[in-house]
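S.K.: Here's the letter readout for the chains.
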Amino acid sequence: MLFDSRLDPNQGVGGLARYPLAMMNHQTVVVDVRADIKSGGSPCSRILDSAEQLGEGDTLHLIAPFEPTPLYDVLGREGFVHESRELGNGDWEVRFTRKPKPVAPSGVPSVDESRDGCGCAAATGELLEVDARGLEPPQPMVRILDALATLPEGASLRAFTDRQPMHLLDQLALRGFRGESQENPEGGYVTLIHRH
Amino acid sequence: MPPTRTEGATVGPSTANAPSIGVPLRFILFGLACLAGAVGFLIARPTILSTYHYNQYVVAAAHLALLGWIASVVFGALYQLVPVALETKLYSERLAFAHLALQVVAVPGMVWSFWHWNLKHVGHWGSAFALGVGLLFFNVALTILRSRKWNPISVGIGSAISWLMLTVIAGLALAAAKCSYESIERLSGGNPLAITLRGLEAVSALVARFDQMSLMHSHAHLGVLGCFVLLIVTLSFKLLPMFLLSEVQNERRIWWVIGLLNAGLLGLVITMATRSAWKLLFTGIIMAALLVYAFELYAILRARKRSALDSPLRLFLWGLAALVPMAGLAAVLSWPGLPLTAFTGQLENLYGFLAVFGLISTALFGMLFKILPFLVWYGTYSVHLGRARVPALAEMYSSRLVQAGGATYLLALIVIIMGILLSSAGAVRWGGVALGAAVALHGVNFALILRHRARPQLQPMARAVKGT
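Protein chains in written order, with our numbering: chain A, 72 to 267; chain B, 14 to 481.
Hint data in this document are derived by calculation from the structure and do not stem from the laboratory. The reader is advised that the hints may include incorrect statements.
Unchecked claim - So these bits of chain A aren't anywhere near chain B, every CB distance computed over 12 Å:
| id | residue |
| --- | --- |
| 1 | His97 |
| 2 | Lys170 |
| 3 | Ala220 |
Said to hold, decoys possible - Some but not every residue of chain A turned toward chain B, in silico, with C-beta under 7 Å:
| id | residue |
| --- | --- |
| 4 | Pro136 |
| 5 | Glu157 |
| 6 | Asn160 |
| 7 | Gly205 |
| 8 | Glu207 |
| 9 | Val213 |
| 10 | Leu216 |
| 11 | Leu219 |
| 12 | Met237 |
This one's a predicted model, so the numbers in the text were calculated from it and none came from an experiment. In this text, a Cβ means the ideal position worked out from N, Cα and C, and glycines have one as well.
All chains should be modelled from the sequences, with the hints used to inform the complete structure.
M.R.: Right, dumping it as structure tokens:
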């Protein structure tokens, strides 16, 4: 059995709990981010911090108010497989289980290096990505600027947002970046950000 | 659409695209001061709601609430939201500042003149107010033209401001009709003042052909329904999906809502002014628009990714719920041949009160708890993003206080509604006291938000603490 059936999704709301599964010698960490997101907070760093601490065979049990699709790619690159399930009231539970860690190709930053504060960044060579769709303003701007704070020299950032990031573009200028935003054919906007 | 690009450093939060927070914030603060004044009027003179509404005190209080409180907040919100909704820069911030100055001077002047029933001065102050609205119209029209976005949102905003212009012109015409023009005799023919006065006299003669009460009701519907309700409906199509993490489900429905509201309103104000029995038909068209609106709203709510509704959004939706009893009252009051009795007069008071304090004010409070924290947050913390941990918007105010303010407000509405229906000045006064308490509770919350301007609450970034 992969999951501990004793887990109550409502337990530890907004917090983090550990449930060692003695029989399998693996642990499951529950992270419920519903309260964080409801209060406008940014829980993704907490999710990635929790994921980082997991060993092979350990599971991150995430409960969120929507399907956290960007995390599938992000944690997938860190060697996690996932199983997701809708809970019926719009909430989702996703169980990420760590498989043997792949070796990152040289020149491609790991998730740690590309962390953007939301953890929804996907590293692709010198072009990092932040998927800030599905967030209430001003969270997209917060996440993108957090990501830029650790952007490696020479790298660029591609940000996906639901709306044109009007206020972000101004903040980029103040920080010595240049941004170019255009409609994404798949919906929303894509903003390409470079240093001056 | 061509890409939007920004380059080069600029100073302060008002930069290449985003409007500065100064104009919207000042409009909102002025609006809140006017609301406190309007509630004070209600407590001091509760007969403005417990007796028939055509007297100078009702007119003064109504203009303080509508132009001072509602219009100021709406103007401030428009200067903030129009660039965001249309995804372009505001045409001119200088014009917006000029509008603010005119608003702050004109509204108290108009209210004072109404209170003392000096219609000549109402005309003077009203002209200053009209100039401000003209600046808004010009500024927004050029912003819409710049965005080149012809969608239901831009059409809704454009038509709402056009209705507002018409409201102001109608109001000035009504004031002109109540003035006398003896001084024309003493002026020479070519004198510019004489020419102006002759023009006003002609307007006065035209207005005098209509029933004055019906014209006043038309004027009120132009402003309340044409501007404020249409704007709330239009902007909700942009704001609700944004805050609910949802999407508009059917754009054709939005076109129908905006189209039917505009068509219904045009017919309504004409049939109202001419006392035509066809008024009921246009009331029906507006109700059909609201029904389509309810369908789309329900679809947006169902598609939302955020299951829990926060307190500000609940307030906003409670405000919209007032449309239901208002629509029922509108159907009754539009009925052909309905006699004007003491009771139907009170129903008219109730209809107006529900529009101003039930629908619009409640919805505005809801949106203020979204807009005001953002304005303060952006002005205070945007430069620190990525460098320090800044509070989330929801951490800037107390949700419990929002709920307490909302509950007290609801209690106040119930007591005042009872007072109106029973023609009880005492009940209206006590309801006014509860309304004052609700406004004070919301005021405390607004002060909590504004405190961040004086005392920013910054913390070191988590990664710096952890050394990761």
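S.K.: For every hint, state whether the structure bears it out.
M.R.: Okay, the hints, checked on the actual structure:
1. His97: holds, 25 Å
2. Lys170: Check passes; 24 Å lies beyond 12 Å.
3. Ala220: violated, 4 Å
4. Pro136: Nearest chain B Cβ about 6 Å off; hint holds.
5. Glu157: violated, 11 Å
6. Asn160: Holds - the Cβ of Asn160 (chain A) comes within 7 Å of chain B, reaching about 6 Å at its closest.
7. Gly205: OK, holds: Gly205 (chain A) within 7 Å of chain B, min 6 Å.
8. Glu207: holds, 6 Å
9. Val213: With Cβ-Cβ at 6 Å, under 7 Å, it holds.
10. Leu216: holds, 4 Å
11. Leu219: holds, 6 Å
12. Met237: Holds: closest Cβ of chain B sits about 5 Å from Met237 (chain A), inside 7 Å.
Hint check: violations occur at hints 3 and 5; the rest are consistent with the structure.
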